[in-house]
Every structure is written in C-alpha cells, then in structure tokens.
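In order, the protein sequence lines correspond to chains A and B.
Numbering of the first sequence is given in this note's numbering, commencing with residue 3 and proceeding in unit increments.
Numbering of the second sequence is given in this note's numbering, commencing with residue 2 and proceeding in unit increments.
Hints were generated in silico from the structure; no laboratory data involved.
Careful, some of the hints might be misleading.
Straight line, CA to CA, 25 Å or less: simulated DSS-like cross-link-like pairs of lysine-lysine [unchecked claim]: (1) B:K62 to A:K42; (2) B:K133 to A:K43; (3) B:K106 to A:K284; (4) A:K284 to A:K182.
Simulated restraints, written as ranges between beta carbons of each label pair [stated by the list, open to error]: (5) B:Q165 to A:A254: 24 to 32 Å; (6) B:I32 to A:A254: 37 to 45 Å; (7) B:I32 to A:Y44: 47 to 55 Å.
Remember, it's a predicted structure, so these values are computed and weren't measured experimentally.
Using N, Cα and C, we set each Cβ at its ideal position, and we do this for glycine too.
Each chain, written out:
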Amino acid sequence: MSFLRRNLPGMLVMGIPLMWIALFMLLPYGIIVTYSFWLKKYPTFIPAFQFGNYITIFTDPQYVRVFLRTLKISVLVSAASFLLAYPFAYYLVFRCRSAALRTWLYMAVIAPLWVSYLLRAYIWKTILGTEGVLNSFLMSLGIINEPSSLFLYNQFAMVVTLTYIFIPFMVMPIYTALEKIPTNLTEASADLGMGPWRSFWTVTLPLSLPGVAAGFTLTFCLSFGDFIAPFLVGGPDGNLIANVIATQFGAALNWPLGSALAIVMLVVVLTIVSLSDRMERKGMTGGV
Amino acid sequence: MAQKTPGLLSRFGADTAFMSFVAILMAFLYIPIWVLIAFSFNDSRSLTWPLSGFTLDWYRKLWSNSDLIAAIGNSFYVATLATVVTLAVGVPAAMVLHKFDFPGKSVFRRLILLPITLPGIVTGISMLNMFKLMGFPLSLETVILGHATALLGVVVTQVYARLQRLPPSLEEAAFDLGASPWRSFIDITLPNIRSAIIGAGLLSFVLSFDEIPVTFFLTGRDNTLPMYIYSTMRRGVTPEINAVGTIIVLLSLILIVVAVIATRERKK
Chain A
3 MSFLRRNLPG MLVMGIPLMW IALFMLLPYG IIVTYSFWLK KYPTFIPAFQ FGNYITIFTD
63 PQYVRVFLRT LKISVLVSAA SFLLAYPFAY YLVFRCRSAA LRTWLYMAVI APLWVSYLLR
123 AYIWKTILGT EGVLNSFLMS LGIINEPSSL FLYNQFAMVV TLTYIFIPFM VMPIYTALEK
183 IPTNLTEASA DLGMGPWRSF WTVTLPLSLP GVAAGFTLTF CLSFGDFIAP FLVGGPDGNL
243 IANVIATQFG AALNWPLGSA LAIVMLVVVL TIVSLSDRME RKGMTGGV
Chain B
2 MAQKTPGLLS RFGADTAFMS FVAILMAFLY IPIWVLIAFS FNDSRSLTWP LSGFTLDWYR
62 KLWSNSDLIA AIGNSFYVAT LATVVTLAVG VPAAMVLHKF DFPGKSVFRR LILLPITLPG
122 IVTGISMLNM FKLMGFPLSL ETVILGHATA LLGVVVTQVY ARLQRLPPSL EEAAFDLGAS
182 PWRSFIDITL PNIRSAIIGA GLLSFVLSFD EIPVTFFLTG RDNTLPMYIY STMRRGVTPE
242 INAVGTIIVL LSLILIVVAV IATRERKK
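Using the sequences and the hints given, assemble the complete structure.
This is the structure we're talking about:
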C-alpha cells in the first residue's frame with residue numbers, strides 16, 4: 003500500500019501520456035495500416051491482405067499526378083517562405099539596432115498564427131478572384147480592362163496562399179538559429195579580412211542551416227497535408243493529396259484507398275522529419 | 002578615410018534594401034487583413050474595389066443567425082475542454098521527458114511531437130476509423146479527443162522548454178528539506194512553469210477554436226465555428242464572412258495581448 007502511495011504520482015505521470023499515445027495514436031495508426039490492405043467491394047469494403055491500394059497509388063497516373071503536384075506545391079511554398087523569411091530574420095538579428103523594433107517586427111510575423119487559418123485562406127480567395135479585390139483594383143487604376151482569371155484557381159494562387167499561411171513557421175526556427183550564432187564569429191571572420199558576403203556564405207549561413215532545415219520541414223509537411231487552401235483557391239486542377247484522401251472518406255467511399263494514401267503521407271512526413279532531425283543534430287555537433 | 006566612405010555608403014544601401022524588404026513583407030502580411038476588415042463595413046454584396054459606402058448591416062445579420070450563434074457556442078465548448086484535456090496529458094508528458102530516462106524514450110518523444118508536423122488530416126481519418134470501428138458515434142466529444150491529440154505536441158514543446166531552463170537545484174533543495182515528489186512538484190515546479198502552462202493553454206485554445214482538418218472528419222451533426230464558416234464559403238464569398246472574420250481578428254488580437262502579458266517572465 004505504501005509502495006503504491008509512494009509510486010502513484012510517478013505512475014500517473016508516466017501512465018497518462020503513455021495511455022493516451024497508445025489509445026489515440028498507435029491504435030488509430032495501426033487501424034489505418036490494416037485498412038490500407040483491405041479491398042473495396044461495393045457497397046463498402048472487406049478485410050483482405052493485398053497491396054492493390056498501394057499499387058494503384060504508385061501506378062495509376064491520376065494519383066501519380068496528384069502526388070507530384072503536391073510535392074511541387076510544397077517545395078514551392080517552402081522555397082518562397084524561405085526567400086521571404088531568411089532576409090527578414092537576418093535583418094532582425096544582425097541589422098536591426100532597436101530592441102523594441104525587433105520585438106515588434108518579430109511579433110508582427112508570428113501574430114497571424116493566432117488569426118484563424120481558415121480566414122487567412124479565405125482572404126486570398128476574395129483578393130484574387132475574378133470579382134475580387136485585386137482585379138477590381140487593377141481595373142480602377144486602368145492597368146487592365148477586364149477582370150483577369152489569371153490570379154485565382156490555379157497553382158500560383160495556392161502557393162501565394164499557403165506561403166502567406168505558413169511563413170511564421172519558417173521565420174521562427176531561422177530566427178532562433180541566427181540568434182544563437184555568437185557575434186564574435188562574424189567579427190573574427192571580418193578581422194581575418196573576409197568581406198561581408200564571404201563571412202555570410204562561410205560562417206553565418208552554414209551555422210543557420212539547422213534552423214533552415216526545421217523551417218523547411220514545417221512548411222513542407224504542413225503544405226503537403228493541406229486540403230483547405232486547395233479547396234478554396236486551387237480550382238479544378240488544384241487537388242492535392244489531402245483532397246483526394248478526403249474524397250475517399252466522403253463521396254468516393256473507398257476507405258482502404260484513402261487509408262493507403264494517408265499511410266503514404268505519414269511515411270513522407272516521417273522521412274522528412276527524421277532527415278531534418280539528423281541535419282539538426284549534425285549542425286549541433288559540427289557547429290560551435 | 003578614403004577606404005571608409007564606400008563602406009559606409011554600401012552599408013547605407015544595404016540598410017535601405019533591408020528596410021524596403023521588411024516593409025514589403027509587412028504589406029504582404031497585413032494588407033489582406035485590412036482588406037478583410039474594410040469589406041466587412043462595405044455596403045455592397047460584392048467584394049470589389051472601390052468601397053461603396055459604410056454599413057453595419059453585416060454585423061447586424063450575424064446577430065440573428067442562430068446557426069452561427071450555435072456554432073460559436075460549440076466552438077467554445079470544444080476549445081475549452083480540448084485545452085483542459087491536452088494540458089492534463091501534455092504537462093505530465095513534458096515532465097516525463099524532462100525527468101525520466103527509460104527505454105524507448107526517443108520513440109515516445111517523437112510520437113508526442115509528431116502531430117506538430119503531421120497534417121491534421123492523418124490524425125483526423127485515423128481517429129475516425131477507430132471510432133467507427135468501435136461503434137463510437139461521432140460528436141463534439143470525439144472532436145475534443147481529436148483536438149487534444151493534435152495539440153499535445155504544442156503543449157509539450159512549450160512546457161518542456163521551460164522545464165529545461167529551471168535550475169535543478171530548486172527541486173533538489175525541496176527534496177533535501179524532505180518534500181515528497183508530489184509536494185515538490187506542486188510547491189516548486191508548478192509555480193515556476195505556470196506562465197508556460199498558461200501560454201500553452203491559450204495557444205491550444207486558439208488552435209482548437211480554429212481547427213478544421215481534424216474537426217472535418219470527427220464531428221457529428223454539430224458544427225464548430227470554422228466548420229460553419231467553411232460550409233458557408235462553399236456557397237461563395239459574402240460580406241457576412243468578412244464580418245465574422247473581423248470579429249475573430251479582433252478577438253485574436255486581444256488574446257495575443259493577454260498571452261504576452263501572462264507569459265512574460267519576471268525580469269530579474
């Protein structure tokens with residue numbers, strides 16, 4: 003009894019999260035792995051063990067195309083976020099001389115995370131649409147004569163929207179990584195006669211790579227699994243994998259195929275996370 | 002001197018370039034939000050430039066929309082309980098990561114942090130499959146379980162980061178003075194991580210209030226606010242959505258201020 007009383011807090015502390023993980027993560031993942039081998043049979047599906055769903059995903063051009071499109075969009079979103087986030091974070095850490103301004107600007111980039119994600123996608127639908135703000139604005143300026151449908155319902159709109167939504171996830175880790183670089187390192191390289199560009203390429207950039215890797219991981223994985231922005235601004239050829247998964251669980255009623263797609267997504271995300279983990283660890287030991 | 006002038010000039014040039022870049026980024030981030038707010042007060046049904054006139058009609062319409070009011074109520078219910086549950090699981094999980102060493106710890110850590118990078122749709126459909134298999138009817142309660150799972154990583158990272166920064170001497174002193182682990186947690190650790198817990202709780206609340214991918218699969222007949230807005234959007238863009246959006250932006254702003262004040266660490 004006294005053993006129990008002494009160890010009860012410890013057991014609770016360990017037990018609650020372990021049980022939660024087992025019940026709400028491991029068990030559900032196990033179930034979709036199982037379903038992914040099942041067979042669709044009208045009107046529902048039956049237990050089986052076959053790789054048909056996976057074969058379909060990797061050979062049916064319809065799914066291969068969606069898969070490649072999703073990869074392309076996620077890479078473009080990560081790249082665009084990086085190009086915007088890096089100079090910004092660099093400016094904050096190394097160039098901005100006012101601590102108050104630095105805090106404000108950093109907050110200004112992070113704050114949108116607190117504003118509804120759905121709204122941030124919706125805003126771009128209202129801006130880019132043919133009846134939208136951008137078109138009518140350009141028309142009122144006389145730059146274009148009739149509404150252009152160039153802006154909405156295409157991959158460009160998706161990249162803009164997803165970049166807008168996920169850019170804080172790129173800024174945060176890069177900022178943290180840059181902040182950790184001791185200023186005496188860049189000073190030392192300047193003392194050794196390196197120009198600012200060379201010190202940037204040989205000292206600052208390599209040391210900030212773990213942050214860049216973390217930023218790429220987050221923005222890539224989040225775009226890779228998004229189905230709201232494609233739905234709102236993507237248009238007819240804008241379906242990404244997550245939209246296809248959602249369809250399998252809705253109208254198409256093919257849970258086995260949907261589960262297999264989800265497993266593929268899970269594997270892609272896990273691969274990227276462990277690659278970036280490895281990079282971050284390397285950066286830590288190879289660094290200072 | 003002759004050497005310094007070009008250096009100064011290029012430094013000035015670089016500063017100007019950086020400033021313009023920052024200005025453009027801020028415009029990219031904030032002009033859309035102003036557009037949202039501006040059109041919520043515009044008296045035309047279509048969202049086209051230029052603005053035609055001022056009205057509060059869209060806000061008045063919100064009041065009489067009973068579906069919307071019900072959805073807001075549901076969202077408060079879901080977000081509150083999801084926050085409580087995710088804290089109840091996440092804080093112990095962070096303690097485990099911080100204090101104990103055991104086989105499989107790195108797997109444990111990875112699993113707990115996974116939902117941060119794992120798209121919500123995977124959490125959503127995997128839990129949907131499980132609930133269906135167990136014959137569990139979908140409801141707001143299943144949504145709460147889904148949110149708590151999806152948000153666990155957020156709580157754990159924030160609380161764990163704070164625990165790591167606590168000097169171990171604090172707890173050692175408590176043990177030396179004869180405090181039980183439970184007492185030392187309540188009297189020593191908890192007060193020191195309180196602001197991190199509040200911050201994590203506020204963030205979880207906001208993220209749960211706003212969540213779609215998990216909710217989409219796990220909700221029964223009841224809609225949360227984002228699900229309601231989402232289904233309205235399918236029918237097209239309307240100034241009512243801008244009005245709801247403006248209110249959400251305003252509330253988010255208030256919450257950010259609260260979070261900043263609540264999580265500010267006491268300066269030494």
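Checked hints:
1. Under the criterion of a C-alpha separation no larger than 25 Å, the hint pairing K62 (chain B) with K42 (chain A) is inconsistent with the structure, at around 46 Å.
2. Taken as a hint, the K133 (chain B) and K43 (chain A) pair is honoured in the structure, with Cα atoms around 18 Å apart against an allowance of 25 Å.
3. Taking the CA atoms of K106 (chain B) and K284 (chain A), the gap is about 20 Å. The hint holds against a cut of 25 Å.
4. In summary, the hint linking K284 (chain A) to K182 (chain A) is supported, as the alpha carbons are separated by about 16 Å, within the 25 Å threshold.
5. At about 46 Å, the CB distance of Q165 (chain B) to A254 (chain A) disagrees with the hint of 24 to 32 Å.
6. Checking the proposed 37 to 45 Å range against I32 (chain B) and A254 (chain A) shows it holds: the Cβ atoms sit about 39 Å from each other.
7. In this structure the supplied range 47 to 55 Å holds for I32 (chain B) paired with Y44 (chain A), their Cβ-Cβ distance being about 51 Å.
Going through the hint list in order, the structure does not satisfy hints 1, 5.
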